[in-house]
Structures are given as structure tokens and as C-alpha cells.
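In case you want the letters, here they are:
Number of protein chains: 2
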Amino acid sequence: MKWISTWGEHLGRRFAIIGHDVPCKGDFSLNDLAGGAGRLDVLLRAVNTALFVSHGIREDTQIILHLGGSGSRRIRFDGGKLRGVHPDERSIAGHVRAVVRSPIPPIGVWSEHSSGICHSGGGLAQTLDEWMQEGCQILVMDAEGSPLREGIEQTECFVLSDHKPFNEDEMSLLSRFGKVSIGSQWLQGHACIAIVHHILDGI
Amino acid sequence: MKWISTWGEHLGRRFAIIGHDVPCKGDFSLNDLAGGAGRLDVLLRAVNTALFVSHGIREDTQIILHLGGSGSRRIRFDGGKLRGVHPDERSIAGHVRAVVRSPIPPIGVWSEHSSGICHSGGGLAQTLDEWMQEGCQILVMDAEGSPLREGIEQTECFVLSDHKPFNEDEMSLLSRFGKVSIGSQWLQGHACIAIVHHILDGI
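Residue numbers (the working numbering), protein chains in the order written: chain U, 26 to 228; chain P, 26 to 228.
Rather than coming from a laboratory, the hints here were simulated on the basis of the structure.
Backbone N, C-alpha and C define an ideal beta-carbon position, used for all residues, glycine too.
Fair warning: there could be bad hints in the mix.
To be verified - Listing some non-contacts, in silico: residues in chain P with all C-beta distances to chain U over 10 Å: (1) Ala59; (2) Asp85; (3) His138; (4) Ile163; (5) Asp167; (6) Gly170; (7) Met196; (8) Phe202.
Claimed, not checked - To give a feel for the contact side, a few chain U residues facing chain P, derived at Cβ under 7 Å: (9) Ala59; (10) Asp66; (11) Thr74; (12) Ser79; (13) His111; (14) Leu173; (15) Gln210.
Unchecked claim - Across the chosen pairs, the derived CB separations fall in these ranges: (16) P:Gly133 <-> U:Ser95: 51 to 59 Å; (17) U:Lys204 <-> P:Gln162: 30 to 38 Å; (18) P:Ala123 <-> U:Asp52: 22 to 30 Å; (19) U:Asp52 <-> P:Arg108: 30 to 38 Å; (20) P:Arg126 <-> U:Phe202: 46 to 54 Å; (21) P:Asn56 <-> U:Gly51: 18 to 26 Å; (22) U:Ser54 <-> P:Gly60: 33 to 41 Å; (23) U:Arg201 <-> P:Gly203: 43 to 51 Å; (24) U:Ser54 <-> P:Met196: 29 to 37 Å.
With the sequences and hints as input, model every part of the structure.
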């Protein structure tokens with residue numbers, strides 16, 4: 026599915042999710058994703074739901090994982106280029122682990138690790154800076170925000186947290202952006218993403 | 026969250042998902058859920074999204090997995106009674122494997138395996154019979170069906186398939202029930218469930 030703005034630009038959707046305790050370097054066991062890997066499972070389901078439809082991929086969607094355990098690293102999955110990634114948690118985790126075992130690139134330098142998977146140093150602040158430079162509209166998922174409307178006018182970027190709420194530093198970085206809600210109940214991250222896609226698809 | 030009908034009945038939501046190739050007996054590896062376990066990963070994400078919200082469980086929701094590989098067995102997860110199940114695929118799979126290793130109960134006999142997890146012989150036909158006897162409204166998820174409306178008047182039961190479409194026998198069983206759609210695109214099962222919850226929550 027491709028979205029074209031009224032000005033003919035090629036639009037897309039982007040998600041940023043914070044993994045507060047997911048190790049950004051070293052190693053972790055694929056058998057303990059919800060434990061030793063710092064609830065990486067939450068991020069893996071977000072990747073799945075952001076990018077995969079039944080028997081296909083949302084080519085216009087990207088998701089950036091922010092790994093905050095023992096430092097910081099970002100991993101970006103780009104639906105338009107992704108190859109060889111299966112939708113189950115363990116498969117996606119294998120790709121994350123391969124990245125985490127490699128050196129962290131400098132902040133702001135996106136290094137391709139495999140087709141459709143890039144990584145970079147830095148954290149949420151860098152992602153927000155990059156998105157603003159690209160002219161994206163940034164929205165923060167918050168159960169107490171304004172209802173998310175249908176339709177899409179420019180590249181829309183959604184920021185959400187993992188099983189932990191945003192910390193004070195993140196709240197400060199995000200305070201300048203609008204908060205949008207998809208209901209009064211706090212849902213799992215991947216469920217939020219499914220509903221955002223549903224609302225923006227508008228079909 | 027509890028829903029009460031205008032007649033004061035205690036209402037709930039139910040999902041049935043078919044796992045055409047998931048082994049109903051024997052054993053499988055927790056390291057190969059998307060392969061040797063016949064795409065059990067699809068069903069595990071459905072369990073997760075049907076039952077878990079952020080830091081909580083939907084107590085009024087049940088989901089029945091229909092394991093169709095090498096015979097037939099049903100496994101029911103009941104949000105109102107579930108204990109000790111974590112939301113990641115591997116954790117849920119561990120519970121499914123424990124059930125699959127045990128003898129299949131007779132058709133129609135629901136045997137509790139652990140808190141909130143029961144199993145029974147039989148397949149989709151038995152589930153539909155049981156639901157009809159309880160007076161539930163049964164709806165089939167189909168991208169070409171009628172748009173799912175908001176609100177809930179009685180226990181609503183949704184039937185969906187895994188990565189494979191319903192087969193001819195299933196289509197025949199389901200032909201008498203209404204088809205509902207949440208959009209023209211075929212989504213993953215767990216994404217459908219997230220959107221159904223969102224629409225029925227109506228908030």
C-alpha cells in the first residue's frame with residue numbers, strides 16, 4: 026500500500042518504540058526474550074505488527090527500536106527493503122541479536138546491517154531530531170491524548186513506550202509534540218500499532 | 026472490564042482461531058514455533074492480543090485454539106481464570122506444549138489442564154455447536170464481510186483462520202453465520218483481534 030499526498034509526495038508511517046531495558050550491546054538468549062533480554066518481546070511484537078500483514082509487508086512503514094540497556098542504540102526496520110525476516114518473535118529477535126553483537130555506529134550514522142535493517146548510535150532525542158529535519162509530524166501515543174483522526178496528510182510518526190512508561194527525560198523530549206489516543210485503556214504496544222494502522226488505513 | 030447487557034447478563038467476547046497444521050498431540054520444539062509447530066506462532070499472538078492489555082488481562086475474553094495437525098484438539102484460554110501465563114510467544118507456547126503432550130479428552134468434555142487453560146477433543150464443528158447452545162452470536166472474520174459495528178448486545182464470538190484460509194469443510198460449517206470485516210486488507214489474526222477489541226470497546 027502506498028500513500029500519496031495532495032502534493033504528490035510519497036508518504037509513509039513511522040513508529041518509534043522505547044525498550045528501556047533491552048541490552049544495546051553484548052548478547053542475550055533467544056530463549057529468554059521476556060527476561061534476560063529486558064522485555065525485548067514487547068518490541069518484537071511491535072515490529073511484527075508495524076510491518077507485516079497477512080502474507081505481505083507494509084512497504085511504506087518503518088519502525089525504530091530504541092535499545093536503552095547498558096547504553097543506547099537504535100535499530101530501524103524498513104518495510105520497503107526488508108528481506109528474510111519472518112514474523113515470529115524468535116525470528117525477529119535473531120536479527121536484533123545479530124545487530125546487538127556488532128559495534129554501535131556513531132550517533133546519527135545509519136549503518137545497514139542486512140537488507141532493510143539499519144542501526145545507529147543515539148536514542149530518542151536523535152530520532153526526534155532526524156524526523157523533524159525531514160518535516161514529519163510527530164505524535165505521542167497516550168491513552169489520555171486527543172482521539173487519533175483518520176486520514177494522513179504527511180509522514181506521520183508515532184512514539185510509544187514498552188511495558189514501562191516514558192521516563193522523565195523522554196517526557197521532556199516529547200512534551201512539545203501532540204498526544205494522540207486510541208482509547209482510554211492502556212494497551213500493549215503492538216495492539217496500539219494495529220489500531221493506528223486500522224484508523225489511518227481508513228477503509 | 027466487564028460488559029453487562031440491557032437485561033443484566035454478564036457478557037463477554039470469544040475468539041476461535043484455526044491452526045490447520047499445529048500438531049494436536051506428540052511434541053514440538055519451542056525453538057521452531059513457526060516451522061515444526063505448524064505456524065503455532067500465529068495462534069500464540071492471537072492468544073496474547075485477545076487476552077492481554079498493558080499490565081492486565083481482559084477477564085471477560087476467551088479464545089479457543091483449534092489444533093488440526095495429526096487429529097484435532099481444542100485448547101481454551103479463559104482470561105477470567107488465567108494464571109502464570111506471560112504474554113511472550115515462547116511462554117504461551119510452553120503451556121500449549123504441556124497440553125499437547127497430554128491425552129486428548131473426549132469430544133465435548135472440557136478438561137482443565139492448568140488455571141484458565143482447558144482442552145477438549147473435537148474441532149470447529151463442536152465449538153460452533155457449543156456456542157450456539159449458549160445463545161452466542163457467531164461472526165466470521167472476512168475482509169469482504171459487512172463492517173463490524175460498535176457496541177455489544179450479547180456474547181459475541183469471532184471465528185478466524187491462521188495463515189491459511191478456511192478449508193471447504195470449515196467454509197461449509199461457517200456458511201450460516203454472518204461475515205464481518207474490519208477493512209479490505211487481509212491482516213494477521215492478532216491484528217484483527219486488536220481491532221475487534223478496539224471497535225467493541227467503543228471508547
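Verification of the supplied hints:
A beta-carbon of chain U comes within 10 Å of the beta-carbon of Ala59 of chain P; the shortest separation is about 4 Å. No beta-carbon of chain U is positioned within 10 Å of the beta-carbon of Asp85 of chain P; the least distance is around 13 Å. Even its closest Cβ contact with chain U, about 22 Å, leaves His138 of chain P beyond 10 Å, as expected for a residue assigned away from the interface. At roughly 22 Å, the least C-beta separation between Ile163 of chain P and chain U is larger than 10 Å, which holds for a residue marked as non-interface.
Residue-level check passed: Asp167 of chain P sits 12 Å from the nearest beta carbon of chain U, beyond 10 Å. Consistency note on Gly170 of chain P: stated as away from chain U, and its beta-carbon is indeed over 10 Å from all of that chain's, at 13 Å minimum. For Met196 of chain P, the condition that its CB be more than 10 Å from all CB atoms of chain U holds, with the nearest at approximately 17 Å. With a least CB separation of 21 Å from chain U, Phe202 of chain P remains clear of the 10 Å interface cut-off, as annotated.
A cut of 7 Å between beta carbons decides the hint on Ala59 of chain U: the least distance to chain P is about 4 Å, and the hint holds. At about 4 Å, the closest approach between the beta carbon of Asp66 of chain U and any beta carbon in chain P falls short of 7 Å, and the interface hint on this residue holds. Against a cut-off of 7 Å between C-beta atoms, the interface hint on Thr74 of chain U holds, since the closest Cβ of chain P lies about 6 Å away. Because the smallest distance between the Cβ of Ser79 of chain U and any Cβ of chain P comes to about 4 Å, under 7 Å, the interface hint for this residue holds.
With a least beta-carbon distance of about 6 Å to chain P, the hint placing His111 of chain U at the interface is held under the 7 Å criterion. Taking 7 Å as the C-beta cut-off, the interface hint given for Leu173 of chain U is violated, the closest approach to chain P being about 11 Å. Hint status for Gln210 of chain U relative to chain P: holds, with the closest Cβ pair at about 6 Å, below 7 Å. Separation of Gly133 of chain P from Ser95 of chain U is about 53 Å and conforms to the stated range, judged on CB atoms against 51 to 59 Å.
Between Lys204 of chain U and Gln162 of chain P the C-beta distance comes to about 36 Å, which sits within the given range of 30 to 38 Å. Range check, Ala123 of chain P to Asp52 of chain U: about 29 Å between beta-carbon atoms, so the 22 to 30 Å window is met. For Asp52 of chain U and Arg108 of chain P, the Cβ-Cβ distance of about 32 Å falls inside the hinted range of 30 to 38 Å, so the restraint holds. Taking the beta carbon of each, Arg126 of chain P and Phe202 of chain U are about 50 Å apart, inside 46 to 54 Å as hinted.
Taking the beta carbon of each, Asn56 of chain P and Gly51 of chain U are about 21 Å apart, inside 18 to 26 Å as hinted. At roughly 19 Å, the beta-carbon separation of Ser54 of chain U and Gly60 of chain P lies outside the given 33 to 41 Å, and the hint is violated. Hint check: Arg201 of chain U to Gly203 of chain P, Cβ distance near 46 Å, so the stated range 43 to 51 Å holds. About 42 Å separates the C-beta atoms of Ser54 of chain U and Met196 of chain P, a value inconsistent with the hinted range of 29 to 37 Å.
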